[in-house]
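Chemist: Chains as they are written, first to last, in this note's numbering: chain A, 2 to 232; chain B, 37 to 120.
Since the hints were made in silico from the structure, they are not lab data.
Treat the hints with caution; some may be incorrect.
[Said to hold, decoys possible] Heads up, simulated DMTMM-like pairs for lysine to aspartate or glutamate below, C-alpha to C-alpha not over 20 Å straight-line:
1. K69(A) to E87(B)
2. K69(A) to E87(A)
3. K76(B) to D55(B)
4. K208(A) to E189(A)
5. K100(A) to E83(B)
6. K208(A) to D220(A)
7. K111(B) to E92(A)
8. K129(A) to E87(A)
9. K111(B) to E46(A)
10. K111(B) to E189(A)
11. K129(A) to E192(A)
12. K128(A) to E189(A)
13. K100(A) to D100(B)
14. K69(A) to E92(A)
15. K128(A) to E85(A)
16. K208(A) to E107(B)
17. K208(A) to E47(B)
18. K208(A) to D55(B)
19. K129(A) to E85(A)
20. K208(A) to D100(B)
21. K76(B) to D95(B)
22. K76(B) to E64(B)
23. K69(A) to E107(B)
24. K100(A) to E64(B)
25. K76(B) to E99(B)
26. K69(A) to D62(B)
27. K208(A) to E48(B)
28. K76(B) to D220(A)
29. K69(A) to E189(A)
30. K69(A) to D88(A)
31. K129(A) to D107(A)
32. K100(A) to E48(A)
33. K228(A) to E192(A)
34. K69(A) to E99(B)
35. K76(B) to E51(B)
36. K100(A) to E46(A)
37. K76(B) to E87(B)
38. K208(A) to E51(B)
39. K69(A) to D95(B)
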Amino acid sequence: MPRPRFQKQTSEASASETAPDKENTLELRDPAPEGTPPPPEITPEAEILARAQAGDHQAFAHLYSLHKRRIYSLCLRMVGNVAEAEDLTQEAFLQLHRKIGTFRGDSAFSTWLHRLSINVVLMHLRKKGLPQMSLDEAMEPSCDEGPGRSFGAPDLSLTGSIDRLVLERAVAALPAGYRLIFVLHDVEGFEHNEIAAMLDCSVGNSKSQLHKARLKLRDALRLSLRKGDVK
Amino acid sequence: MTIDPKPMSCEEFQEQLSDFVGSGVDLENHPHFRDCEICKQLYRELETIAEAARRLFPDRQPEDNLWDRIESAIKREDGFIEWE
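So here's chain A without its partners, still in its complex pose (with noise of 0.2 Å):
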């Protein structure tokens, strides 16, 4: 597969980038022989991602606007620190501009960019210091992490809001792998079946780690209770 080149754009080329005429892509298509689905609708990002799969650098920088904010906002969120989740961003856009022309279609580019950006982040959190294994090693649950049980004390849902400072603190204190399916699920709003396939688990082992997370910030949140941090 040929790698992506850097083109030369005339103003033309890019003003039809940004604003794809409708009409002349229809008119591209070979009629559809009778009694087949309709082709696709291509849209603009689909036109957009063939270009920049094609070499077009301008089409690279569109798709990087389009999808800066919420790769950069995941490594943020999975590293809690700006300079970090810049340079991790940084890396997640070079590996799609290495890979871009692997990507078939089997899922949507959102999805494969992201789990792209999930596997720099976790290659970078394994070079800070977690143990080389596998995700799936790093998810396994193990005797000592299981389901706090400090029953008896006081009721987190009966304190008024959480602090956000202080779950925030407790979510960059989890286990990478907690972190990563907690994060996903309850703060980006994947689904289980969406994680699982992101990150090549099952969607048991998905619902596990993240109740196993949930129970890790509740104990985490009571300490804080205790001391005072949690309006």
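Mind docking chain B on chain A? Use the hints.
Modeler: Leaving out everything else, chain B in the frame of chain A:
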């Protein structure tokens, strides 16, 4: 989501808890939930955490110069490979 009507232990209920939390399911008629204050409290607390999580880490934009850094890195990579 359907609720299993048969009586269950705390452990059995808590195994299903991750499906209940954040799902919006009404547990008031759940036979275990109705009668177990411990599991009720646990459920309420996990619901509170899941609800609070939606307001965490609002999306943020990276610095404007990040694209310049990425573009420079791409050019370096491409130039290096083409030069090779």
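Chemist: Would you mind marking each hint as holding or not holding in the structure?
Modeler: Hint-by-hint comparison with the structure:
As the CA atoms of K69(A) and E87(B) are separated by approximately 26 Å, the hinted pair breaks the 20 Å bound. Simply put, K69(A) and E87(A) have alpha-carbon atoms about 10 Å apart, close enough for the 20 Å limit, and the pair holds. With a C-alpha separation of about 15 Å, the suggested pair K76(B) and D55(B) falls inside the 20 Å cut-off, and the hint holds. Restraint check: the Cα-Cα separation between K208(A) and E189(A) comes to about 15 Å, which is no more than 20 Å; the hinted pair holds.
For the hint linking K100(A) to E83(B), the alpha-carbon distance of about 40 Å lies beyond 20 Å, and the restraint is violated. For the given pair, K208(A) sits about 19 Å from D220(A) by alpha-carbon distance, which is consistent with the 20 Å threshold. With a C-alpha separation of about 14 Å, the suggested pair K111(B) and E92(A) falls inside the 20 Å cut-off, and the hint holds. Pair hint K129(A) plus E87(A) holds up; C-alpha atoms about 16 Å apart against a cutoff of 20 Å.
For the hint linking K111(B) to E46(A), the alpha-carbon distance of about 23 Å lies beyond 20 Å, and the restraint is violated. Restraint check: the Cα-Cα separation between K111(B) and E189(A) comes to about 33 Å, which exceeds 20 Å; the hinted pair is violated. Restraint check: the Cα-Cα separation between K129(A) and E192(A) comes to about 28 Å, which exceeds 20 Å; the hinted pair is violated. For the proposed pair K128(A) and E189(A), the alpha carbon gap of about 25 Å is over 20 Å, so the pair is violated.
Between K100(A) and D100(B), the direct Cα distance comes to roughly 24 Å. Violation of the 20 Å bound is thereby established for this hinted pair. For a cut-off of 20 Å, the pair hint linking K69(A) to E92(A) stands: about 12 Å separates their Cα positions. Taking the CA atoms of K128(A) and E85(A), the gap is near 13 Å; set against the 20 Å cutoff, the hint holds. Only pairs whose Cα atoms come within 20 Å are accepted, and K208(A) paired with E107(B) is rejected, the gap being roughly 39 Å.
For the given pair, K208(A) sits about 16 Å from E47(B) by alpha-carbon distance, which is consistent with the 20 Å threshold. Of the supplied pair hints, the one linking K208(A) and D55(B) holds, its CA atoms being roughly 8 Å apart against a limit of 20 Å. As the CA atoms of K129(A) and E85(A) are separated by approximately 11 Å, the hinted pair is consistent with the 20 Å bound. Between the alpha carbons of K208(A) and D100(B) the distance comes to roughly 37 Å, so the proposed pair goes past 20 Å and is violated.
Distance restraint check for K76(B) and D95(B): the Cα-Cα separation of roughly 33 Å exceeds the 20 Å cut-off, and the hinted pair is therefore not satisfied. Proposed proximity of K76(B) and E64(B) is supported: the alpha carbons are some 10 Å apart, at most 20 Å. Distance check on the hinted pair: K69(A) and E107(B) sit about 13 Å apart at the alpha-carbon level, within 20 Å; holds. Proposed proximity of K100(A) and E64(B) is contradicted: the alpha carbons are some 50 Å apart, above 20 Å.
Under the criterion of a C-alpha separation no larger than 20 Å, the hint pairing K76(B) with E99(B) is inconsistent with the structure, at around 45 Å. About 38 Å separates the Cα atoms of K69(A) and D62(B), which puts this hinted pair outside 20 Å; it is violated. Distance restraint check for K208(A) and E48(B): the Cα-Cα separation of roughly 15 Å lies within the 20 Å cut-off, and the hinted pair is therefore satisfied. The hinted pair formed by K76(B) and D220(A) meets the criterion: a straight-line CA distance of about 16 Å does not exceed 20 Å.
Of the supplied pair hints, the one linking K69(A) and E189(A) holds, its CA atoms being roughly 15 Å apart against a limit of 20 Å. A distance of roughly 12 Å separates the Cα atoms of K69(A) and D88(A); the hinted pair therefore holds under the 20 Å criterion. Distance restraint check for K129(A) and D107(A): the Cα-Cα separation of roughly 32 Å exceeds the 20 Å cut-off, and the hinted pair is therefore not satisfied. A threshold of 20 Å between alpha carbons decides the hint, and for K100(A) with E48(A) the separation of about 17 Å falls inside it, so the pair holds.
Restraint check for K228(A) and E192(A): not satisfied, since their Cα atoms lie roughly 34 Å apart, outside the 20 Å limit. Using a Cα cut-off of 20 Å, the hinted pair K69(A) and E99(B) holds, with the two alpha carbons roughly 10 Å apart. At most 20 Å may separate the alpha-carbon atoms for a hinted pair to count; K76(B) and E51(B) meet this at roughly 14 Å. Distance hint between K100(A) and E46(A) is fulfilled; the C-alpha atoms sit about 17 Å from each other, no more than 20 Å.
Annotation: proposed proximity of K76(B) to E87(B) holds, straight-line Cα distance about 16 Å (limit 20 Å). In summary, the hint linking K208(A) to E51(B) is supported, as the alpha carbons are separated by about 10 Å, within the 20 Å threshold. For the hint linking K69(A) to D95(B), the alpha-carbon distance of about 10 Å falls within 20 Å, and the restraint holds.
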